[in-house]
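S.K.: Listed here are the chains, written in short residue letters.
Number of protein chains: 2
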Amino acid sequence: MIRIAVDCMGGDHGPAVTLPACAAFLARHPDAQLALVGRPEALQPLPAGLVGERCSVVPATEVVAMDDPVEVALRRKRDSSMRVAIEQVRDGLADAAVSAGNTGALMAIARYVLKTLEGIDRPAIATQIPNVTGGATTMLDLGANVDCSAEHLLQFALMGSALVAATSGRARPSVGLLNIGEEVIKGNDVIKRAGQLLREAAARGDLNFHGNVEGNDIFKGTTDIVVCDGFVGNVALKTSEGLAAMVGTLLRQEFERSLYSRAVALLALPVLQRFKRRVDHRRYNGAALLGLRGLVFKSHGAADAFAFEQALARAYDAARVRLLERVRAGIAHAAPLLRASPAGEPAAS
Amino acid sequence: MIRIAVDCMGGDHGPAVTLPACAAFLARHPDAQLALVGRPEALQPLPAGLVGERCSVVPATEVVAMDDPVEVALRRKRDSSMRVAIEQVRDGLADAAVSAGNTGALMAIARYVLKTLEGIDRPAIATQIPNVTGGATTMLDLGANVDCSAEHLLQFALMGSALVAATSGRARPSVGLLNIGEEVIKGNDVIKRAGQLLREAAARGDLNFHGNVEGNDIFKGTTDIVVCDGFVGNVALKTSEGLAAMVGTLLRQEFERSLYSRAVALLALPVLQRFKRRVDHRRYNGAALLGLRGLVFKSHGAADAFAFEQALARAYDAARVRLLERVRAGIAHAAPLLRASPAGEPAAS
Chain H
1 MIRIAVDCMG
11 GDHGPAVTLP
21 ACAAFLARHP
31 DAQLALVGRP
41 EALQPLPAGL
51 VGERCSVVPA
61 TEVVAMDDPV
71 EVALRRKRDS
81 SMRVAIEQVR
91 DGLADAAVSA
101 GNTGALMAIA
111 RYVLKTLEGI
121 DRPAIATQIP
131 NVTGGATTML
141 DLGANVDCSA
151 EHLLQFALMG
161 SALVAATSGR
171 ARPSVGLLNI
181 GEEVIKGNDV
191 IKRAGQLLRE
201 AAARGDLNFH
211 GNVEGNDIFK
221 GTTDIVVCDG
231 FVGNVALKTS
241 EGLAAMVGTL
251 LRQEFERSLY
261 SRAVALLALP
271 VLQRFKRRVD
281 HRRYNGAALL
291 GLRGLVFKSH
301 GAADAFAFEQ
311 ALARAYDAAR
321 VRLLERVRAG
331 IAHAAPLLRA
341 SPAGEPAAS
Chain Z
1 MIRIAVDCMG
11 GDHGPAVTLP
21 ACAAFLARHP
31 DAQLALVGRP
41 EALQPLPAGL
51 VGERCSVVPA
61 TEVVAMDDPV
71 EVALRRKRDS
81 SMRVAIEQVR
91 DGLADAAVSA
101 GNTGALMAIA
111 RYVLKTLEGI
121 DRPAIATQIP
131 NVTGGATTML
141 DLGANVDCSA
151 EHLLQFALMG
161 SALVAATSGR
171 ARPSVGLLNI
181 GEEVIKGNDV
191 IKRAGQLLRE
201 AAARGDLNFH
211 GNVEGNDIFK
221 GTTDIVVCDG
231 FVGNVALKTS
241 EGLAAMVGTL
251 LRQEFERSLY
261 SRAVALLALP
271 VLQRFKRRVD
281 HRRYNGAALL
291 GLRGLVFKSH
301 GAADAFAFEQ
311 ALARAYDAAR
321 VRLLERVRAG
331 IAHAAPLLRA
341 SPAGEPAAS
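These protein sequences, in sequence, are chains H and Z. Per the working numbering: the first sequence = residues 1 to 349. Per the working numbering: the second sequence = residues 1 to 349.
Keep in mind the hints are simulated off the structure, nothing from the lab. Hints may be right or wrong, so weigh each one.
Same chains, same names: a pair is fine if it fits in one copy or spans any two.
[Claimed, not checked] In silico DSSO-like cross-links for lysine-lysine, where the CA-CA straight-line distance does not exceed 27 Å:
| no. | residue 1 | residue 2 |
| --- | --- | --- |
| 1 | 220 | 276 |
| 2 | 220 | 192 |
| 3 | 77 | 220 |
| 4 | 276 | 77 |
| 5 | 77 | 115 |
| 6 | 220 | 115 |
| 7 | 186 | 220 |
| 8 | 186 | 115 |
| 9 | 115 | 276 |
| 10 | 186 | 77 |
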């Protein structure tokens with residue numbers, strides 16, 4: 001039995017999306033239980049699929065708004081649905097927590113409530129990005145850390161490797177370091193030193209380091225994992241979202257331009273729908289917050305019920321394969337290297 | 001009469017691409033002249049369009065290879081076509097130089113031969129990226145500078161503004177600072193300080209600062225110009241290239257999947273071709289190296305003749321509107337602010 005605590009109030013749509021997603025998730029996962037966290041009156045009436053033994057409502061009086069500053073979420077809203085969901089994990093009442101709320105607040109509360117794992121200075125956000133091979137590339141960090149040291153990048157690589165090994169079944173997933181060229185001499189000082197640390201870690205058998213990769217390798221699927229600082233990762237992800245949106249808009253415009261193109265669009269519908277399914281980022285919704293003493297997953301704030309259900313499934317899978325123990329083991333294996341590195345704050349930049 | 005010095009040996013294809021592009025360019029620009037720089041025997045036979053008064057061959061005995069280290073290109077190949085083309089600009093024999101060669105070598109040689117403008121610590125690479133409005137977003141820096149200070153980002157913003165004002169005719173093009181959120185408090189220390197400097201510059205009338213933008217704004221066309229450091233810019237551009245390539249591959253695969261989809265593809269051809277034309281990055285080939293005492297443009301190494309011709313046209317347009325004087329004027333306007341800032345090397349990172 002795996003139990004997930006769900007922040008039902010988070011995201012752009014709140015219970016209107018999270019509750020139907022929870023019902024669909026439960027129907028597909030017979031050994032799952034859900035703790036539905038939120039303001040009890042906002043969760044009524046519960047959909048039929050959420051009434052029964054595998055579901056309970058855990059009351060929380062407050063809600064973290066999408067635009068609440070981190071300090072407000074952390075210090076003033078101590079009974080928020082986001083925090084109560086994470087406390088369920090801390091108290092052993094749930095195996096993982098899922099929220100579509102404000103990312104900064106979620107990370108801050110998760111870090112405060114759960115604390116980081118030994119050997120990890122900063123948690124990171126890891127997500128999957130579909131690539132041309134039909135699989136997905138796992139990328140981290142995606143915005144939690146705007147300034148990173150080489151040591152932080154090594155920690156991200158270890159955590160990402162544990163995540164992919166646990167959830168994909170690949171024993172030794174490959175790690176690429178995001179850079180502006182493949183050669184070892186490329187990049188700024190932090191990146192060059194991170195490359196060196198990753199090579200040392202690979203030599204010790206801590207991970208499988210491929211070397212530097214470039215932005216286009218994310219979509220080529222050159223490596224299973226791409227490691228970068230949160231600033232670069234966030235820009236790469238948002239840039240991709242922007243380009244994908246533009247491609248969708250332009251395709252639509254061209255297929256709507258004339259009577260002829262509209263007729264062709266009807267005929268091409270099955271083809272275009274297959275294409276759309278293959279690039280549907282909703283299938284990959286659910287980013288892992290790694291490096292904490294508990295499993296927390298972040299759904300996109302704008303997720304619909306289908307997408308939010310994927311985030312729930314991702315949290316469920318991570319709990320089922322005991323991701324937390326795998327991450328701990330990965331870090332423990334690299335402990336000598338991590339201890340040798342100056343921890344704590346990164347160099348100014 | 002505008003005269004462009006062309007490094008005919010550069011790029012993945014050399015004269016096989018550059019010479020036909022030069023011929024097509026001359027045919028379309030009756031008041032242009034070309035200096036064709038390269039190994040004379042490699043430029044024979046000249047296409048018919050390149051024989052005549054508006055064209056001359058300027059011999060250079062060496063060629064910078066695409067994988068030559070910067071030091072080799074700069075110190076050992078002193079008679080390379082790349083260098084001789086840039087020297088034509090330095091010596092007043094050409095109004096601009098264009099090369100499809102190795103970016104690192106081109107930047108190093110251009111900087112060495114031409115020197116930077118007063119008030120500019122480091123040249124930057126600016127390119128245009130098509131956006132959903134049908135126009136293009138000008139982005140800089142794209143790889144020349146992997147570590148930037150806030151002052152460098154201000155310099156990029158001033159140069160980008162001068163470029164867009166000169167070539168688009170918009171008097172006050174808007175500048176966005178690439179960040180991981182719109183709020184002023186977002187980003188690392190360099191970005192926050194750059195935001196402050198840009199606001200000061202805007203208050204002084206040096207430029208039109210919109211504020212922070214995110215990765216997706218590049219393709220939305222939220223601002224005319226997007227400013228970032230070269231590491232982030234390179235990753236964003238390469239990531240976009242990777243996603244665009246994936247979209248192309250998946251669309252092709254889906255339209256080739258079955259007899260039905262192949263038949264639909266034939267019918268959809270005019271629609272798909274219009275779409276393709278709208279996202280055709282070749283139309284935007286030709287990045288400006290800004291901040292030098294002379295105009296230099298960089299073509300994509302893999303450019304075909306159509307793309308290389310666009311780079312020539314871009315250099316021609318820049319010379320025609322006296323881009324160099326515009327950049328100088330923009331910098332001079334902001335001189336008090338630039339002088340007040342600590343110049344030189346950026347903070348370690």
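S.K.: Next step is simple, just say for each hint if it's right about the structure.
M.R.: Hints, verified against the model:
With identical chains, the CA atoms of residue 220 and residue 276 are at most 27 Å apart both within one copy (18 Å) and between copies (20 Å). Taking the shortest Cα distances, residue 220 and residue 192 sit within 27 Å of each other inside one copy (23 Å), while across copies they are farther apart (33 Å). Taking the shortest Cα distances, residue 77 and residue 220 never come within 27 Å of each other, neither inside one copy (43 Å) nor across copies (35 Å). Taking the shortest alpha-carbon separations for residue 276 and residue 77, neither the intra-copy value of 40 Å nor the inter-copy value of 50 Å comes in at or below 27 Å.
In this assembly of identical chains, the alpha carbons of residue 77 and residue 115 lie at most 27 Å apart only when taken from the same copy (19 Å versus 57 Å across copies). For a Cα distance limit of 27 Å, the shortest separation of residue 220 from residue 115 qualifies neither inside one copy, at 35 Å, nor across copies, at 39 Å. Within a single copy, residue 186 and residue 220 get their C-alpha atoms as close as 20 Å, which meets the 27 Å cut-off; across copies the closest is 31 Å, which misses it. Within a single copy, residue 186 and residue 115 get their C-alpha atoms only as close as 35 Å, which misses the 27 Å cut-off; across copies the closest is 24 Å, which meets it.
With identical chains, the CA atoms of residue 115 and residue 276 are never at most 27 Å apart, being 40 Å at best within one copy and 50 Å at best between copies. Proximity of residue 186 and residue 77 under a CA criterion of 27 Å is satisfied inter-copy only: 22 Å between copies versus 45 Å inside one chain copy.
When held up to the earlier numbered hints, the structure conflicts with 3, 4, 6 and 9 and fits the remainder.
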